[in-house]
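Chemist: Under the UniProt record's numbering, the residue at position 151 of the sequence shown is numbered 151, and the numbers go up by one with no gaps.
Hints listed in this document are in silico derivations from the structure and should not be mistaken for laboratory results. Incorrect hints may appear among the rest.
[To be verified] For each label pair, taking beta carbons as the anchor points, the in silico distance ranges come out as:
| hint | residue 1 | residue 2 | range |
| --- | --- | --- | --- |
| 1 | 89 | 136 | 32 to 38 angstroms |
| 2 | 227 | 93 | 35 to 41 angstroms |
| 3 | 152 | 89 | 26 to 32 angstroms |
| 4 | 74 | 136 | 30 to 36 angstroms |
| 5 | 234 | 25 | 21 to 27 angstroms |
| 6 | 194 | 164 | 17 to 23 angstroms |
| 7 | 145 | 97 | 25 to 31 angstroms |
Glycine is no exception: its CB is placed at the ideal position from the N, C-alpha and C atoms.
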Amino acid sequence: MVVAGIALELVLDGYVTCSPEQVMQPPDDAPSTWQTNGEWFGPGPWRMPMGGFLLRVPGRTVLVDAGVGPRCVPNVMETGQFLTSLTAMGVGVDDVTDVVITHLHYDHVGWVSQDGTPTFPRAVHHLHARDWEYVHSGHASRAADSVTESLRPAADLLHLVSGTRTEVLPGVVLRHVPGHTPGNCLVEVGEGDDVALLLGDTAHHPVALVDDRWIDHFDADRDQARRARAEISAELERSHAPATGAHFDGGRFGRIVRTTDGRLHWRLVT
1 MVVAGIALEL
11 VLDGYVTCSP
21 EQVMQPPDDA
31 PSTWQTNGEW
41 FGPGPWRMPM
51 GGFLLRVPGR
61 TVLVDAGVGP
71 RCVPNVMETG
81 QFLTSLTAMG
91 VGVDDVTDVV
101 ITHLHYDHVG
111 WVSQDGTPTF
121 PRAVHHLHAR
131 DWEYVHSGHA
141 SRAADSVTES
151 LRPAADLLHL
161 VSGTRTEVLP
171 GVVLRHVPGH
181 TPGNCLVEVG
191 EGDDVALLLG
201 DTAHHPVALV
211 DDRWIDHFDA
221 DRDQARRARA
231 EISAELERSH
241 APATGAHFDG
251 GRFGRIVRTT
261 DGRLHWRLVT
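Can you make the complete structure from the sequences, with help from the hints?
Modeler: What follows is the structure, given as structure tokens:
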């Protein structure tokens, strides 16, 4: 995907294998077979990609999120490919100028540091201040400990943003959309009408964009997160902008379209 001269590419760290019900809850009228024989999920487990995105901005090399890190739980989680993927894309750790973090969950900051040392020592690390405050507030779950452990070695590299919309680089905007976490953001890439949205975990699956009745078990504030998804879906329908999420299949982009029956649909960009 290229928008406004900026190339966007998936950086794969690995996969988590799970059942859909571990992440999402469908509307009450969903068929009992929704996990294995429905419109959205097929037979077999759900393999969710983990990693981030590489943005080749003129004069900058930007990562959006930094994967899980090297973890292995047989038949559940196999990650650790992030740096290998970057190398295959022609990018070394010293080439990265910016790391844009959509939110502070462990599977988005795992490669911020390794063994107490920043992985990308020349990069400014941008994130929303509300998430930084939240993980240090004592109100976050115990999983926040691994997040703060990852971030601590890179503390001098952090750039905390505030407000609803912050242009961290020309053509790269952090937009605050709380709900999944208090400081959750999406990343708007491009300019004018030539933009794409990287949704992070605002939606774990496209189905949550076309039907806001779906519940995400990992949302900190479920009602706020559902409202955010509904607003983003309406925006995407109006603008026809392509979008993808951190865990969408293959990192593939799609568009929200409304068909003659009045229903919203997710159409992959070909």
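Chemist: Check each numbered hint against the structure and report the violated ones by number, ascending.
Modeler: Every hint satisfied by this model.
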